[in-house]
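Participant: Residue strings, one per chain:
Number of protein chains: 4
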Amino acid sequence: MANKVIITCAITGGIHTPTLSDALPYKPADLASQAIEAAEAGAAILHIHARDPETGAPTGSPDVYRQFLPIIKQGTDAVINLTTGGSPDMTPEDRLAGALTFSPEMCSLNMGSMNFSFHDMGRKVKEWKFAWEDQYILDSEKFIFRNTFADIRRNYELLSDHGTRFEHECYDIGHLYNLAYFVDKGVAKPPFFIQSIFGILGGIGGDLDNVMFMKRTADRLFGKDYVWSVLGAGKYQMPVCTMAAQLGGNVRVGLEDSLFIGRGKLASSNAEQVRKIVRIIGEMGLEPATADEARQMLALKGADRTQI
Amino acid sequence: MANKVIITCAITGGIHTPTLSDALPYKPADLASQAIEAAEAGAAILHIHARDPETGAPTGSPDVYRQFLPIIKQGTDAVINLTTGGSPDMTPEDRLAGALTFSPEMCSLNMGSMNFSFHDMGRKVKEWKFAWEDQYILDSEKFIFRNTFADIRRNYELLSDHGTRFEHECYDIGHLYNLAYFVDKGVAKPPFFIQSIFGILGGIGGDLDNVMFMKRTADRLFGKDYVWSVLGAGKYQMPVCTMAAQLGGNVRVGLEDSLFIGRGKLASSNAEQVRKIVRIIGEMGLEPATADEARQMLALKGADRTQI
Amino acid sequence: MANKVIITCAITGGIHTPTLSDALPYKPADLASQAIEAAEAGAAILHIHARDPETGAPTGSPDVYRQFLPIIKQGTDAVINLTTGGSPDMTPEDRLAGALTFSPEMCSLNMGSMNFSFHDMGRKVKEWKFAWEDQYILDSEKFIFRNTFADIRRNYELLSDHGTRFEHECYDIGHLYNLAYFVDKGVAKPPFFIQSIFGILGGIGGDLDNVMFMKRTADRLFGKDYVWSVLGAGKYQMPVCTMAAQLGGNVRVGLEDSLFIGRGKLASSNAEQVRKIVRIIGEMGLEPATADEARQMLALKGADRTQI
Amino acid sequence: MANKVIITCAITGGIHTPTLSDALPYKPADLASQAIEAAEAGAAILHIHARDPETGAPTGSPDVYRQFLPIIKQGTDAVINLTTGGSPDMTPEDRLAGALTFSPEMCSLNMGSMNFSFHDMGRKVKEWKFAWEDQYILDSEKFIFRNTFADIRRNYELLSDHGTRFEHECYDIGHLYNLAYFVDKGVAKPPFFIQSIFGILGGIGGDLDNVMFMKRTADRLFGKDYVWSVLGAGKYQMPVCTMAAQLGGNVRVGLEDSLFIGRGKLASSNAEQVRKIVRIIGEMGLEPATADEARQMLALKGADRTQI
Ligand SMILES: [Zn+2]
Ligand SMILES: [Zn+2]
Ligand SMILES: [Zn+2]
Ligand SMILES: [Zn+2]
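Chains as they are written, first to last, in UniProt numbering: chain A, 1 to 308; chain D, 1 to 308; chain X, 1 to 308; chain Y, 1 to 308.
Read the hints as simulated data drawn from the structure, not as lab findings.
Just so you know, not all the hints are guaranteed correct.
Identical chains blur together in the list; that is why a pair holds if it fits in one copy or across any two.
Stated by the list, open to error - With a Cα cut of at most 30 Å, we get these calculated BS3-like pairs of lysine-lysine:
{"no.": "1", "residue 1": "K185", "residue 2": "K27"}
{"no.": "2", "residue 1": "K301", "residue 2": "K124"}
{"no.": "3", "residue 1": "K265", "residue 2": "K301"}
{"no.": "4", "residue 1": "K124", "residue 2": "K185"}
{"no.": "5", "residue 1": "K27", "residue 2": "K224"}
{"no.": "6", "residue 1": "K129", "residue 2": "K265"}
{"no.": "7", "residue 1": "K126", "residue 2": "K189"}
{"no.": "8", "residue 1": "K301", "residue 2": "K235"}
{"no.": "9", "residue 1": "K27", "residue 2": "K126"}
{"no.": "10", "residue 1": "K265", "residue 2": "K27"}
{"no.": "11", "residue 1": "K265", "residue 2": "K185"}
{"no.": "12", "residue 1": "K142", "residue 2": "K129"}
{"no.": "13", "residue 1": "K126", "residue 2": "K4"}
{"no.": "14", "residue 1": "K129", "residue 2": "K189"}
{"no.": "15", "residue 1": "K189", "residue 2": "K73"}
{"no.": "16", "residue 1": "K126", "residue 2": "K301"}
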């Protein structure tokens, strides 16, 4: 499968707010239909967050997940990957509730604590759709995305019984070393799926030199035991993905990571971004991996062994 | 001053505990004498933390600082640089108290939140000198070193009236981007003194490839507006410093960063580490900068304008 | 012109032989029509070699150039760039004859001596179209591409009266240092157009890490005084160009550099490769520079001041 | 032998001329005594060229070698490594004569053709000791150091019967790819001893970024099958060696590579440079490998199986 690229699509996330793009889905039906359309366009993995169906505010409530996860499962065989990153307002327990309830094939696992800030993101907005959005964005100046060594260890432990495997989100070089610590301790098991993230304020920047250095460091620390994927925030989305694909890596797109499809142009849907990266890798002679190819590359347990 | 290297010596820090090395100073007289001896050996800057005179536990109390800072000032003209990093038990206010009280020429400023863990450090210890040490070390598995964007902004604001300049402590590549954010906002003023830190669990590792990449990234982000220094934790101390010196950078040594002078061999004092790095840079044709040369390179206000 | 990419198309070169691809032009009419079509597809610069009209063997004869250069000039306003690299059989004088005769806007200038070998290239060929081809390829095991410091200096001198500017062909990191030597001596004048070449046996390989390192080294040596372009030989053509375009560089394609359009698939024409790279950079939000934009970026004298 | 560093000392070479330093040995007795002294100082390998006993001009004559090689062999058990690089005036046959005659444990093997120029080296000289020196230096502007693929293949073939192993001299990144070509063909046998050379005009420069990149590329191409050593020309000698030692590499010093011991200060002997690098690596906790340790690391046949 040397010429196959696993495309993950992150449908909505917990950062962008509804006012920033009309395309950002938060109603269960929209989340499901955009997810299914993204899978049809070439995404093998769907990275999923829940949103309050009325206000679009991030939530980790299993009751909300239940309103759309089964629809997605019925509509596509793509791998469902639930966040454990959540959003600034959630406790560690809130963040894990979805994964513990639905026992998905994959969930995200954030490999370190960090500032995660987007307080300048709403500057140009004149009128907000919902009351919570403005302060939510401003408060991120004070936000620490909490993922202590004790937290990470606990997540590995709690989810190991579920056979759920991890999208190890690494926002900086040090996060690779944190993962190496857990590999050393025998807690993390190969193949490690590493999602390197570029361009978040608080993490490593989106410059392409960083993309290459991240891979080189992962090569040094993990040899052939890892499967590499990347995402770039905002304007870095396509450059970072293009570069990683050239280096033999996999890619993540989706409205969680960027609301845009080109300079100053909002994407109309998650699928539009998937189609764009499919075209780009196609020019390189590469093809999207199917969901089952992704399952094989990442040693996943299969959709039938989840509680969705 | 092309062949001058600013040597900072970090006398005791807030991480190592008294049981780990008899040489680690915590009594005011010992802190002062080791600091002065380090300066005589070639350190131009003394990076200072306070310790409880009885138990050796980290403290930020101005009353404790007052027991030894004047002795240091009287004994040497080296630049006094007070920590604002403190230790896991301190609040943001505790951490700033020393700098606000003494208005030093420099203080440290940590450029991001992160895990900062050393929970495996006491494994080999059979008997502890003080009751607090064991749990203090174990608890670091849960520790987040808090430095949000709002915190950092506040520190710049509070200290700008003092004319105190900053040792910008950067534990990962992202921290350089955080500094770039404050440069962009006009809050940070050149020349930026950047202390890149390698080998702390939670931050970027101590491998030499990282040292070069850190410099390259700083070059890209700050051009000629910064003065670079490095420290390596534990066994990385001398390799990281040697390499940075070769690249035109400055160095930090001291018992805060490593308790050792060679493989498995404890250092007998801070000055012993200073003397070692002085010999190494000497082989390269480099010399330690004097305190006044350091003041000029870093645009410091001068010892007479502090409240020590 | 931040989002403009100068596309150079190298129509036929002096390495590939007619048997290797039916699309490789060597008759004057074919050279002209493929060049014009490449320009129409988006190439701003046409890098030109001559071939014997009967046998397709490389030649530097002005008489042969005269059979198609005027046709190209009449058919397109693209910049005409004549090789001075020639082929293994030519003397230094042969190699310069075209440039001295036609005084083009640009000519190539190879920045160092090196092995330049392709002796394994004909292994799969059963029957050769022309008698010279087989031995020509095998002999390259013994070939040294001669470009001594004295030769390079002489080329600068001979062509400076013509106002012809240079495509500085750099096949390895050392060639950048060679150029830096001539910059230091005041012989080379900015803006330097640097063509970095990857994947020739004898030069630096086509791995993408090399592309980034080449740029980093050029940045260090030449700062803002250079305009960067790349070419990748054979299978490296599109990956190398894609990566450089992402890094803000310019690109060269064409049948001189690769006979292929995809894995194992021969290109049907030079223009087909131009169209492919135009699509790729288009996905990045970039556009081909026009010939006049290229002239401006490279400080060229203009087509009307040549002897074509 | 993780903390052992193989020190090679290159006693006289074929580039520097007698006028440039009184310490440069060319009389048989001086060559022998400096070589033995260098070995006593810590060199495990002696890289040897011959010089005309009267004029100091480079020679490849076995008759000249015979005047001092046996003395060296008797005086030290260090590995004797004969050049096949020779000097600009020698034919390929001249260059091989010594190795074919004496069947040494090692000989050098230059991995590519290149410009190798030092024509500015004599600018400050007012009076030359010997008539040949001035023109010899000036002529290097026209010099190509010839090592075609066919030449290299022939050297492997001619010397394979002798059990002589190679110091693969790589002056640029492409030379590593050339070696990889011969590895691929099954001609070169591991462990490959790679001597990376920095700072020769015509090859890769002496900047430390290049040293790290050279190692990274070798790691990628040869994995664990190679033993790495470096040399830096002139002022780059000690920085390049220091850096490589930190990266786990081995080092070459000696008057062939640099006539200096510090900024503007001529070395008084080869041994003085050996002693300096021994001190530097000592500060890193590293020790010089003995000759027998070097033999084991490089799989050499032993001094008793040579014709010296
Ligand atoms: Zn997410
Ligand atoms: Zn500190
Ligand atoms: Zn050409
Ligand atoms: Zn030699």
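Participant: State for each hint whether it applies.
Facilitator: Now for the hints, and whether the structure bears them out:
For a Cα distance limit of 30 Å, the shortest separation of K185 from K27 qualifies neither inside one copy, at 41 Å, nor across copies, at 37 Å. For the identical chains of this complex, K301 and K124 are neighbours neither inside a copy (45 Å) nor across copies (40 Å), given an alpha-carbon limit of 30 Å. Taking the shortest alpha-carbon separations for K265 and K301, neither the intra-copy value of 39 Å nor the inter-copy value of 39 Å comes in at or below 30 Å. Taking the closest pair of Cα atoms, K124 and K185 come within 30 Å of each other only across two copies (17 Å); inside a single copy the shortest separation is 47 Å, beyond that limit.
Taking the shortest alpha-carbon separations for K27 and K224, neither the intra-copy value of 40 Å nor the inter-copy value of 50 Å comes in at or below 30 Å. Within a single copy, K129 and K265 get their C-alpha atoms as close as 20 Å, which meets the 30 Å cut-off; across copies the closest is 53 Å, which misses it. In this assembly of identical chains, K126 and K189 lie within 30 Å of each other by CA distance neither inside one copy nor across copies; the values are 48 Å within and 32 Å between. In this assembly of identical chains, the alpha carbons of K301 and K235 never lie at most 30 Å apart, being 34 Å within a copy and 37 Å across copies at closest.
For the homomeric pair K27 and K126, the shortest alpha-carbon distance inside one copy (23 Å) is at most 30 Å, but the shortest distance between copies (58 Å) is not. In this assembly of identical chains, K265 and K27 lie within 30 Å of each other by CA distance solely inside one copy; the values are 23 Å within and 47 Å between copies. In this homomeric assembly, K265 and K185 come within 30 Å of each other (Cα to Cα) only across copies, at 26 Å, whereas the closest approach inside a single copy is 46 Å. With identical chains, the CA atoms of K142 and K129 are at most 30 Å apart within one copy only, with a shortest distance of 23 Å there and 38 Å across copies.
Proximity of K126 to K4 under the C-alpha cut-off of 30 Å is found in neither arrangement, the shortest distances being 44 Å within a copy and 34 Å between copies. In this assembly of identical chains, the alpha carbons of K129 and K189 never lie at most 30 Å apart, being 44 Å within a copy and 38 Å across copies at closest. Taking the closest pair of Cα atoms, K189 and K73 come within 30 Å of each other only inside a single copy of the chain (27 Å); across copies the shortest separation is 54 Å, beyond that limit. When the C-alpha separation of K126 and K301 is checked against a cutoff of 30 Å, the pair qualifies neither within a copy, at 47 Å, nor between copies, at 44 Å.
The structure is inconsistent with the numbered hints 1, 2, 3, 5, 7, 8, 13, 14 and 16, although it conforms to all the rest.
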